[in-house]
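Chemist: So you can see what is in the structure, the chains are spelled out below.
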Amino acid sequence: MANQSGSVYGLTVLSPVLDDPEAEVSHNVAIRKYLSTLPRDESSPFSKVSSTHMARLVVMEDVVFVGHPAHEEHLKSQYLVFESNFDGDLDTYLTRMAQEIPDAVESVWSHCVGYPGLKNVRAFVAYIKRCQLTTTFYFADVNNKTVQQTLRALQIQSGLARFIELNQGKPPSEIQSAFAEFWNSVETASPLAPGAKGVGELPCFAAGRAAGSEGGD
Amino acid sequence: MMTNINGKAYAMTAITPMKPWKTWIVRAFFFILGHIKPLQKDLVNLSFIHFARWVIIPRHRFPNLENQPKEDLRYDYMLFFSNFNGTWNQYIDAFSAVLSRGLNLIWIWSEKFPGSVPVTPFKQYIARCQFDTDYYYTAYPYATTNDVKAAHRVEDAVTAFAAESKNLPPDEFMRGYQRLLVAVQADLGETGEPPVGT
Chain A
0 MANQSGSVYG LTVLSPVLDD PEAEVSHNVA IRKYLSTLPR DESSPFSKVS
50 STHMARLVVM EDVVFVGHPA HEEHLKSQYL VFESNFDGDL DTYLTRMAQE
100 IPDAVESVWS HCVGYPGLKN VRAFVAYIKR CQLTTTFYFA DVNNKTVQQT
150 LRALQIQSGL ARFIELNQGK PPSEIQSAFA EFWNSVETAS PLAPGAKGVG
200 ELPCFAAGRA AGSEGGD
Chain B
0 MMTNINGKAY AMTAITPMKP WKTWIVRAFF FILGHIKPLQ KDLVNLSFIH
50 FARWVIIPRH RFPNLENQPK EDLRYDYMLF FSNFNGTWNQ YIDAFSAVLS
100 RGLNLIWIWS EKFPGSVPVT PFKQYIARCQ FDTDYYYTAY PYATTNDVKA
150 AHRVEDAVTA FAAESKNLPP DEFMRGYQRL LVAVQADLGE TGEPPVGT
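Chains as they are written, first to last, in numbering that gives the first Met the number 0: chain A, 0 to 216; chain B, 0 to 197.
By construction, these hints were calculated from the structure, which means they are not laboratory data. Computed from a predicted structure; not experimentally measured. Some hints could be false.
[Claimed, not checked] Stretch-level coverage of chain A by chain B, calculated; a stretch enters the list once three of its residues show a Cβ under 8 Å from a Cβ in chain B: (1) 5–19; (2) 39–51; (3) 61–73; (4) 80–86; (5) 156–166.
Glycine is no exception: its CB is placed at the ideal position from the N, C-alpha and C atoms.
Chain A with its partners taken away, still in its complex shape (with noise of 0.2 Å):
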């Protein structure tokens, strides 16, 4: 099925925007305005859906006209575009939206035709399923990945670069009781927040670098 590579799924929703010429502040403008204040790091609603790796909301005005001799046509509605890529199956995805970043779901889709609220959670879904586009072609350079082994790897990937600087020359009986402290500070770690804007440090070297300073080092 093209909207799957491996393990990792690509949903692609256009949600028809509500039309109203009534409303004070247009539901488009309303979206833009909305989405305009939503954090886009560890604090992003899409951080605690934890399995998205990557995604991005855009309101499509219209189509697009490219010049003559091509024929000019418009759009009757505005759509909100939603693209996401994320691990495992749509349906636990779209609950996982519903049930744990509602506000942000009810704050975008609300302005959107048909949306049936989030009080019926399978109603929310059955209605993302109804705007769904079937990808025609779809890449993921990394399939076979989850979001949290990514942060795990790339926490590692630091560390040990760290843990090679700082150990550079030592005896190997040193390197190696640092290398056991590492390794358990790297199973001990807590695990990173998706969306942060780094890997963090280990505690051995918050440890180490404690103890450098209490030395006046």
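Please arrange chain B on chain A, whose structure you already have, making use of the hints.
Modeler: Coordinates of chain B only, in the frame set by chain A:
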């Protein structure tokens, strides 16, 4: 704030019109591309695209709910979404240089597509068909797709070393440690702040 960019990732969204009979040619091309992996080699080798997709919307298949007026269109449309690393200009330049044949096979069926080489009209066409992103999220904004792949290689190597080197005498541990360093040295580049660009 550049909403198309989050950290090292750029979200491109573009839409192009196509005569409906031509979309079948594009579908056939994608079908072949999807089933013959070696044909995706150039896309993989570019190695700065996390995720990309093409979605063809037939003119009668725009989602239609409740009393929303039905669309009345002459063209089918092809949506293109890419999540890539680097700047817009670098991306289009690389696409044009490395994938020109493949891109032409995909987009030549879109109205007024000028071809992917020379690059100036190609960029003008993409700019015309592109939408700005209103909201863009990535779980690992500081990492490129090359960083992600390197990190998984490092994790595999160091996990194996941690298991194998337990309880070894220091000298043997050290030999294994040095082998580990040689194995991962090319994959230890620091992730960090992205460069500024457009």
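Chemist: Against each hint, give a clear statement of whether it holds in the structure.
Modeler: Hints, verified against the model:
{"no.": "1", "hint": "5–19", "verdict": "holds (count 6)"}
{"no.": "2", "hint": "39–51", "verdict": "holds (count 7)"}
{"no.": "3", "hint": "61–73", "verdict": "holds (count 7)"}
{"no.": "4", "hint": "80–86", "verdict": "holds (count 3)"}
{"no.": "5", "hint": "156–166", "verdict": "holds (count 5)"}
Checked against the numbered hints listed earlier, the structure breaks none of them; every hint is satisfied.
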